[in-house]
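There are 2 protein chains.
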Amino acid sequence: LAEKKVLIVYAHQSTGSFSAAAKEAAVEVLKSKDCSVKVSDLYAMKFKATATAEDITGEVKNSEHFRYAEETKLAWDEGRLSADITEEQRKLQEADLVIFQFPMYWFTVPAILKGWFDRVLTLGFAYTKEKRYSNGIFKVNKTKALLSFTTGSQETMFSPTGINGDMNVTLWPLQNGILHYCGFQVLAPQIFWAPADATPEGRSAMLAAWNTRLQGLLDEKPLFYAPMDCFDCESFQLKPESVEKCVKEFGPTAGTHCGKPLPPNNQMKAGV
Amino acid sequence: LAEKKVLIVYAHQSTGSFSAAAKEAAVEVLKSKDCSVKVSDLYAMKFKATATAEDITGEVKNSEHFRYAEETKLAWDEGRLSADITEEQRKLQEADLVIFQFPMYWFTVPAILKGWFDRVLTLGFAYTKEKRYSNGIFKVNKTKALLSFTTGSQETMFSPTGINGDMNVTLWPLQNGILHYCGFQVLAPQIFWAPADATPEGRSAMLAAWNTRLQGLLDEKPLFYAPMDCFDCESFQLKPESVEKCVKEFGPTAGTHCGKPLPPNNQMKAGV
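Residue numbers (full-length UniProt numbering), protein chains in the order written: chain A, 1 to 272; chain B, 1 to 272.
Worth flagging that the hints you see were computed from the coordinates, not collected in a lab.
Some hints here could point you the wrong way.
The list treats identical chains as one, so a pair stands whether inside a single copy or across any two.
[Unchecked claim] In the BS3-like style, the derived pairs of lysine-lysine whose C-alpha atoms are separated by at most 27 Å in a straight line are: (1) Lys131 - Lys46; (2) Lys245 - Lys260; (3) Lys129 - Lys4; (4) Lys260 - Lys248.
None of the values given here were measured: they were computed from a predicted structure.
Construct the entire structure; sequences and hints are all you get.
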């Protein structure tokens, strides 16, 4: 069995945090499973978050009307992306599994991690108009990706009857719009509910559960997304025959719900 | 009639962009309506996106286990937040209307704007455990907020039967989780669908429609969110009597949908 390569993209400022402990647990368990593990510690690296012309070495094509996607596509073609982006792209290309470990800030990733998505997942490297979703670029290597994060709010607040709304809705733009879009197989998220409000025993129990999950992580089935061939290739609407096939009591996914109730836990559990 | 104050938080790298034109239209129309208009041009300001201990002047309370929300709360209490954060907070506090103008990157705001949310909307200043949602801090001044953005994808892709999923789902974490959470009255988003793929006439028409909308923007009704008193104050779940009242054919909102179909356009149109 070939050694599996894991990349952990980690975004917390403090080595004393619960996020740091969750990251350390992943490093230890996956190494014990004979994985090679790399960590991109974004705050420690002082990772640049903002998408600017400085991400391109040498001249940009159109400085008057600078368009980030087009300019980075060109720079990627010509090997002129900045060294920090190139290095992250190399790690990502080698990985069999990518774990994003972060505290949820404002219902999504912290800006430093959003900057990693904006700058590393460039046009050409991570997606093209032709290679998206289930035809996505990372489909070829069957790369898996997983969001592992802490919340400030209790789980009840993130339910379909809670004030924060259904966590499946909050996860859709991240998991479908970024990870599935690039062709990653999206594993169920690892959610640590409000560890700051938990007892020390509660936090230990959360880490123990993560430890247990990590043992079998690489064999987990990914979440379901309606495959590309269910959609019309011009309008990107579900084809009539797919609607007939996919849409019964629920819509097919949390986002493409077809006006039906959302399939419960579509963004949280595999096989639903 | 007192002069209205408008803050435009603008995130595009290029003065030649469609986003720049949309921002300029807002400045011009709102000034012609006797508003005073300020623009925070994030790329021009080289706005710092990452949430770090440097955002606090002087000592942090716990450098071993640095917690951003708690540390910035303390610094805000004591007037020790960094000058760039304090300046943005002052502009925000004075504003009657805030417009966020940006190109959608990966189904949400670019990292530089996420950094503005992460760093400016600090605990104490923008929310507390007691003051959230319809009891939120910006409720007091009836501050309005609006997302105005361009997409890369066509509108059909962002429908309930489209491959990107329902735009209402994508907007929920931003509009509910950030804007409504802080007590802003959220105006319907201004969405410029794929201007890069439009003809010059198409782009002009989009700007003309925005111009027209801007004329009456300050009198628009905000989007609907279920008010705080519909929720149990411990569990933050919809109360049984609220479920009975709010939940008929649809759930009350895109997030708090109660397992029912999402109310169409809940995050896109007022009065639905």
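Against the structure, the hints come out as follows:
{"no.": "1", "hint": "Lys131 - Lys46", "result": "neither (31 Å within a copy, 33 Å between copies)"}
{"no.": "2", "hint": "Lys245 - Lys260", "result": "both (14 Å within a copy, 20 Å between copies)"}
{"no.": "3", "hint": "Lys129 - Lys4", "result": "neither (30 Å within a copy, 43 Å between copies)"}
{"no.": "4", "hint": "Lys260 - Lys248", "result": "both (8 Å within a copy, 14 Å between copies)"}
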